[in-house]
Amino acid sequence: MAGIKIIKQNADRETYEALAEICPFDAFSYENDVLEVTAACKMCKMCLKNGPKGVLILEEAEKVAIDKSLYKGITVYVDHIEGKIHPVTLELIGKARELAKVTNHPVYALFMGTNITKQAKKLLTYGVDKVFVYDKPELKHFVIEPYANVFEDFIEKIKPSAILVGATNVGRSLAPRVAARYRTGLTADCTILDMKENTDLIQIRPAYGGNIMAQIVTENTRPQFCTVRYKVFTAPEPMLNPVGVVEIMEIGAKKLISSIEVIEVIKKEKGIDLSDAETIVAVGRGVKCQKDLEMIHDFAEKIGAIVACTRPGIEAGWFDAKLQIGLSGRTVKPKLIIALGISGAVQFTAGMQNSEYIIAINSDPKAPIFNVAHCGMVGDLYEILPELLELIKDQDTSEVPEINEAPERMAV
Amino acid sequence: MKILVCVKQVPGTANVEIDPETGVMIRDGVESKMNPYDLYALETAFRLKEQLGGTITALSMGPMQSKEVLLESFYMGADKGYLLSDRKFGGADVVATSYTLAQGAKKIGDCDLIICGKQTTDGDTAQVGPEMAEFLGIPHVTNVIKILVADDKGITLQMNMEESLEIQRVPYPCLITVDKDIYTPRLPSYKRKLSISENPEITVLTLKDMYDTDETNYGLSGSPTQVERIFPPENNVEKISFVGDSKTLANDLFGILSEKKYLG
Numbered sequence: 001m002a003g004i005k006i007i008k009q010n011a012d013r014e015t016y017e018a019l020a021e022i023c024p025f026d027a028f029s030y031e032n033d034v035l036e037v038t039a040a041c042k043m044c045k046m047c048l049k050n051g052p053k054g055v056l057i058l059e060e061a062e063k064v065a066i067d068k069s070l071y072k073g074i075t076v077y078v079d080h081i082e083g084k085i086h087p088v089t090l091e092l093i094g095k096a097r098e099l100a101k102v103t104n105h106p107v108y109a110l111f112m113g114t115n116i117t118k119q120a121k122k123l124l125t126y127g128v129d130k131v132f133v134y135d136k137p138e139l140k141h142f143v144i145e146p147y148a149n150v151f152e153d154f155i156e157k158i159k160p161s162a163i164l165v166g167a168t169n170v171g172r173s174l175a176p177r178v179a180a181r182y183r184t185g186l187t188a189d190c191t192i193l194d195m196k197e198n199t200d201l202i203q204i205r206p207a208y209g210g211n212i213m214a215q216i217v218t219e220n221t222r223p224q225f226c227t228v229r230y231k232v233f234t235a236p237e238p239m240l241n242p243v244g245v246v247e248i249m250e251i252g253a254k255k256l257i258s259s260i261e262v263i264e265v266i267k268k269e270k271g272i273d274l275s276d277a278e279t280i281v282a283v284g285r286g287v288k289c290q291k292d293l294e295m296i297h298d299f300a301e302k303i304g305a306i307v308a309c310t311r312p313g314i315e316a317g318w319f320d321a322k323l324q325i326g327l328s329g330r331t332v333k334p335k336l337i338i339a340l341g342i343s344g345a346v347q348f349t350a351g352m353q354n355s356e357y358i359i360a361i362n363s364d365p366k367a368p369i370f371n372v373a374h375c376g377m378v379g380d381l382y383e384i385l386p387e388l389l390e391l392i393k394d395q396d397t398s399e400v401p402e403i404n405e406a407p408e409r410m411a412v
Numbered sequence: 413m414k415i416l417v418c419v420k421q422v423p424g425t426a427n428v429e430i431d432p433e434t435g436v437m438i439r440d441g442v443e444s445k446m447n448p449y450d451l452y453a454l455e456t457a458f459r460l461k462e463q464l465g466g467t468i469t470a471l472s473m474g475p476m477q478s479k480e481v482l483l484e485s486f487y488m489g490a491d492k493g494y495l496l497s498d499r500k501f502g503g504a505d506v507v508a509t510s511y512t513l514a515q516g517a518k519k520i521g522d523c524d525l526i527i528c529g530k531q532t533t534d535g536d537t538a539q540v541g542p543e544m545a546e547f548l549g550i551p552h553v554t555n556v557i558k559i560l561v562a563d564d565k566g567i568t569l570q571m572n573m574e575e576s577l578e579i580q581r582v583p584y585p586c587l588i589t590v591d592k593d594i595y596t597p598r599l600p601s602y603k604r605k606l607s608i609s610e611n612p613e614i615t616v617l618t619l620k621d622m623y624d625t626d627e628t629n630y631g632l633s634g635s636p637t638q639v640e641r642i643f644p645p646e647n648n649v650e651k652i653s654f655v656g657d658s659k660t661l662a663n664d665l666f667g668i669l670s671e672k673k674y675l676g
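Protein sequence lines correspond, in order, to chains A and B.
For the first sequence, the positions run 1 to 412 when this note's numbering is used.
For the second sequence, the positions run 413 to 676 when this note's numbering is used.
These are calculated hints, taken from the structure and not from any lab test.
Among the hints, a few may not be true.
Quick list of in silico lysine-lysine cross-link-like pairs, BS3-like style, CA-CA up to 30 Å [claimed, not checked]:
(1) B/518 / A/53
(2) A/333 / B/651
(3) A/335 / B/558
(4) A/254 / B/518
(5) B/592 / A/267
(6) A/291 / B/659
(7) A/231 / B/659
Derived Cβ-Cβ restraints for the label pairs, each shown as a range [stated by the list, open to error]:
(8) A/357 / B/448: 53 to 61 Å
(9) A/118 / B/600: 50 to 58 Å
(10) B/592 / A/241: 21 to 29 Å
Selected chain B positions facing chain A (in silico; Cβ < 10 Å) [what the hints assert, rightly or not]:
(11) 463
(12) 465
(13) 467
(14) 497
(15) 568
(16) 654
(17) 656
(18) 657
(19) 664
Bear in mind the structure is a predicted one, so any value in this text is a computation, not a measurement.
No residue lacks a Cβ here, since even glycine has one placed at the ideal position from N, Cα and C.
All chains should be built: construct the whole structure from the sequences, respecting the hints.
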């Protein structure tokens, strides 16, 4: 591939300083009397135009196949907020283990933040071979520059083959930044991942509005990046005797400096923004009185859903106007919407028919809601829901605690 | 205050053709519109200009017909427009697209703030903003839902996270991607349309206008990802109907919710 090459015998500290002055990307390094162009180079060629002569040449060779054997390991970026690990991380670890079997690669986790070392050990129980931990006070809050620099430091030292990132707001900001730094491929929101024997990651995602699926590979650059949304893959069961290790990483203080200042982090009130909701329980005229909403809220809480309504719910004053779905309310596209006692007038369905999965319960078999529902149940919600809540209650009593709620039992 | 806003023309419908040979999307002849998320980016720019003065430049990349979205930006309030258009830019993936836009931004010259929509409705990747910022070597913040303070040195804003809002102070030059609902976008002004239609100031830049004229960095050849194949999705989820007494239905529903990982 085309790149800037250094004529080593003509390079010294003085030329390095001249080049460092010119380069807008800080892409020259000078260590042990060796001048090098780092991965930060964006090929802006400012150095060629304005730098000292006879030191740099532009090599415009044909695309040379890279040596993929130099890159080893499937890495999962550990998404978390102040040490609380986002469950998408565990799902990606499960997938990474499947992929790693094909190429016999190790599974790594990259964990950056503040006071996270203890949490890192918990990741080992999900089958990670090595957790690389950057535990620094500067990484307390997500800010793009230091986070991207830590990512770069990790890639430089470990040279992973593939990197899986959760498609959270942090992941969607960080992954492209780092992928661009390496000018490598990043495929967003993959729904299927597989691995070729030559270590190319097979990435499948809906393209062009979801009517077409595309299979995408990053053939000649490493590492290969992809993002995956929460609840696409399955988290593995924790192991009793994990064999992996935690490695504490160091990084130069300069890399952690940011021009951005975090002034404050405000916890959001939960469940206000309906449009962002991934799971919704919507109620209509079939709910007879306000008191009955208790049972609905109880159910919604169990499945992590927001309770929304059709227009009558607003008119009756049971709901805040922000919680109305339909043409006169919000348009929603959750992964799951359960319509309870909603007939399914166009006014309503226009605001939710693009939802990924629609379950409808209505006592009228002719209700138009069944035309848009993927799963229709003709029945009385006043009978079905209490039965369902009983089933959930029975299950809850035999539940194991989740990783985030686990008490501090780990030995340090 | 110099603000650059990235806008994109996207297909107006979801029916898009694919070139079976190259796997590249054929956009010609498909009804198109401005990416709806870009309206919020433009509106954010107009609000900042109203407060701080300056100029707003709209930047787009695509075939010549993408001029339409630049014109629409004008009618809403933009001052200048640039279109990056060259056959050699075609078939670009996220990296090549971001690189081309960054090159365009460099060519246009110094600007304080670049604003992008959160994502497009055709690619849906939400990656071009951050990649562009990296290629320009400037900090970025994504998912901005509120601008708290803007002055001549930088902006204080809210980044929307899943469970929190992070308030950041970011110095210029920087790039932000704005969430929908940051402001309500204005409609194009008929008056502006009349006054501008005579002489719209749109500059078209091609590969030879860029600082980096190495064509292997652009378009298909500059794209690290390759689309191996394109295929139709499995048929829309089958419609299932459940019948039975309430107990059976509750059991069925419990099964579905467990299988989909909402329970257990």
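Hints, verified against the model:
Of the pairs offered as hints, the one joining residue 518 of chain B and residue 53 of chain A holds, with about 24 Å between alpha carbons and a cut-off of 30 Å not exceeded. For the hint pairing residue 333 of chain A with residue 651 of chain B, the CA-to-CA distance comes to about 18 Å; that is within 30 Å, so the pair holds. Restraint check: the Cα-Cα separation between residue 335 of chain A and residue 558 of chain B comes to about 26 Å, which is no more than 30 Å; the hinted pair holds. Between the alpha carbons of residue 254 of chain A and residue 518 of chain B the distance comes to roughly 27 Å, so the proposed pair stays at or under 30 Å and holds.
Restraint check for residue 592 of chain B and residue 267 of chain A: satisfied, since their Cα atoms lie roughly 20 Å apart, inside the 30 Å limit. With a C-alpha separation of about 23 Å, the suggested pairing of residue 291 of chain A with residue 659 of chain B holds against the 30 Å cut-off. With a C-alpha separation of about 28 Å, the suggested pairing of residue 231 of chain A with residue 659 of chain B holds against the 30 Å cut-off. Distance hint check: the CB atoms of residue 357 of chain A and residue 448 of chain B are about 24 Å apart, inconsistent with the given range 53 to 61 Å.
Between residue 118 of chain A and residue 600 of chain B the C-beta distance comes to about 56 Å, which sits within the given range of 50 to 58 Å. The hint said 21 to 29 Å for the Cβ distance between residue 592 of chain B and residue 241 of chain A, and at roughly 48 Å that hint is violated. Hint status for residue 463 of chain B: violated, given a least beta-carbon distance of 20 Å to chain A, over 10 Å. Using the Cβ-Cβ criterion of 10 Å, the hint placing residue 465 of chain B at the interface with chain A is not satisfied: the shortest such distance is roughly 24 Å.
Evaluation of the residue 467 of chain B hint against chain A yields a violated restraint, the C-beta minimum of about 23 Å exceeding 10 Å. This hint is violated: residue 497 of chain B has a C-beta 21 Å from the nearest C-beta of chain A, more than the 10 Å allowed. For the restraint placing residue 568 of chain B at the interface with chain A, the shortest Cβ-Cβ distance is roughly 7 Å, inside the 10 Å limit, so the hint holds. Satisfaction of the interface hint for residue 654 of chain B is found here, the shortest Cβ-Cβ separation to chain A being roughly 5 Å, below the 10 Å cut-off.
The restraint placing residue 656 of chain B at the interface with chain A holds, with a minimum CB-CB distance near 8 Å, inside the 10 Å limit. Hint status for residue 657 of chain B relative to chain A: holds, with the closest Cβ pair at about 8 Å, below 10 Å. Of the supplied interface hints, the one on residue 664 of chain B holds, with its beta-carbon coming within about 7 Å of a beta-carbon of chain A, less than 10 Å.
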